[in-house]
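Undergrad: Dock chain R against the given chain E, drawing on the hints supplied.
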Amino acid sequence: MSENRNTEQLRAGFEQFYQAVLEPKFAEIETTRKKYLRFFILSLFIIFVVIPLICIGLFGQFLLENVEGSQSFDALSSDKLLFGLLIIIAIVSSPIFLYKKKAKNIVMPEFIKYFGDFEYVHMKTIARDVVEKSMLFDDFNVRKGDDFFYGVYLDTKMAVSEESMSYVERRNKKTYIKNIFNGMIIQLEMNKKFSSQTVVFKDNGVFNFLNVAKGLQKVALEDSVFEKEFEVYSSDQLDARYLLTTAFMERMLTVRNAYKTNKIQFSFFDNCLLIAIDTKKDMFESTSLFRKTTDRKIINQVFEQFISVMSIIEFLKLNQRTGF
Amino acid sequence: MEHNVLWYVLGAVVVVFYAIYVSLIKKKNMLKESASGIDVQLKKRYDLIPNLMTIAAKYMEHEKTMMEEITRLRSETMKVNFNADPIKKIELENLLSSRINDFKLSAENYPDMKSNEAMITAMQSLNEVEEHIAAARRFYNSNVTALKNAIEIFPSSLIAKMIGIKDEMPFFEAEDIAKKAIDASEYFK
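Top to bottom, those sequences are chains E and R.
Take 1406 as the starting number for the first sequence in the working numbering and just add one per residue.
Take 107 as the starting number for the second sequence in the working numbering and just add one per residue.
Among the hints, a few may not be true.
What the hints assert, rightly or not - Calculated cross-link-like contacts (lysine-lysine; reagent style DSS-like; alpha-carbon spacing at most 25 Å):
{"id": "1", "chain 1": "E", "residue 1": "LYS1598", "chain 2": "R", "residue 2": "LYS210"}
{"id": "2", "chain 1": "R", "residue 1": "LYS254", "chain 2": "E", "residue 2": "LYS1623"}
{"id": "3", "chain 1": "E", "residue 1": "LYS1598", "chain 2": "R", "residue 2": "LYS149"}
{"id": "4", "chain 1": "E", "residue 1": "LYS1722", "chain 2": "R", "residue 2": "LYS210"}
{"id": "5", "chain 1": "E", "residue 1": "LYS1507", "chain 2": "E", "residue 2": "LYS1702"}
Worth flagging that the hints you see were computed from the coordinates, not collected in a lab.
So that you can see chain E by itself, here it is in the shape it has in the complex (with noise of 0.2 Å):
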């Protein structure tokens, strides 16, 4: 549907997009989120309401029959209150997201298509192979994907999940969650052929030692303003100089700018370039049960975050092939 047009030219056409395709959709989905609000709120009046007056019957009546005092409140003990709890929070929750998965399957594949031949899948992840050949995360064993596209878009096929990763590890009977990644990782095809593995870490100052990556160099670029924000490591000291021209090393920072993040990495590897942005920020949220669907706050809001993955290609000169 872009053919091969630029962020510029795709913020020009959107209004007419919107109303064409997206209005339509929205409105459609309009009546479902309804439906799920009248669920939620049936939900909470019910958990706050109905089942609080009926224990605090059944608490009278306790009371009556133990006037002695002689029973305890065993059946109340603090490992059942949680697990009530954990149920009332699924039972309330679940309108939420259970509406928001409703939503994106109608909406997104529709939203995506407008930057070009693009597939969305919602709650998918890009290839465990991938992100470990990266060299970018620490050890994961837990992955959850929220969203997740790929396409092409300028003649450049690229590959978007937004994503958290982290280490669950159960020691003597307690469970401890360690935090690797929360953001959203894009893969993207490279206009040039290289064989190497070329990593650039964000810069730790005297912590860097705990970027060192196995089996591979340290590369010390001329750029000064660069090698201040970033660590680059390389298994071929002649090809990391070839991604890394000193144009392309400017280009690296106004991506990192224009994310306003300094937790932004890169990794070279089988002819693509694998960004890590740690955001934090939960991207792509098109659809909320408590807002009406044709919101155009957020809509556009949406838009903007697309149109900001998709200015990668460009800002980076992807798009531009200079060999075969």
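TA: Just chain R now, with coordinates in the frame of chain E:
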């Protein structure tokens, strides 16, 4: 007791001396390796030039002198090895790069040639090779800096003098026009 301290100090001096010696030899070898890397990349360009000139000869009859000069410079440059005579090699290479850039600019006046499929491929290959040459040059220059610093800064300067490591290799400074790799796609739009 004093005897023991003397041995410890001597041991430490030997360890430091050896560490600096190893570091200097590594830097020297790395520099040689990166200089060879430049030769490898330059050879790729030498291999491309005849093909480029053959295709261009069909269209650019008026630029015969320039094309002959490129061919002559190519043969002359190929004879010089970077490790053996870096100054001469850099001088010739810069001259060759400058002529190739002239050729690229002249190509602008031949739209038929610009749309020739074989020429487009050859120019794209040349552009890619030039990016590789630039990368090899940057790697070489960073190694020159590392060795120069080691040779000039105490205490490694002292050990370098003792083992005879000299600051012989020059920086490979590309001429201004050659510094910016030309995007062939711009010429063949």
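Undergrad: For every hint, state whether the structure bears it out.
TA: Hints, one by one, checked against the model:
Between LYS1598(E) and LYS210(R) the alpha-carbon distance is near 24 Å, which keeps this suggested pair within the 25 Å criterion. Distance restraint check for LYS254(R) and LYS1623(E): the Cα-Cα separation of roughly 19 Å lies within the 25 Å cut-off, and the hinted pair is therefore satisfied. Of the pairs offered as hints, the one joining LYS1598(E) and LYS149(R) holds, with about 19 Å between alpha carbons and a cut-off of 25 Å not exceeded. With a C-alpha separation of about 22 Å, the suggested pairing of LYS1722(E) with LYS210(R) holds against the 25 Å cut-off.
With a C-alpha separation of about 21 Å, the suggested pairing of LYS1507(E) with LYS1702(E) holds against the 25 Å cut-off.
Violated hints for the displayed structure: none, as all numbered hints are satisfied.
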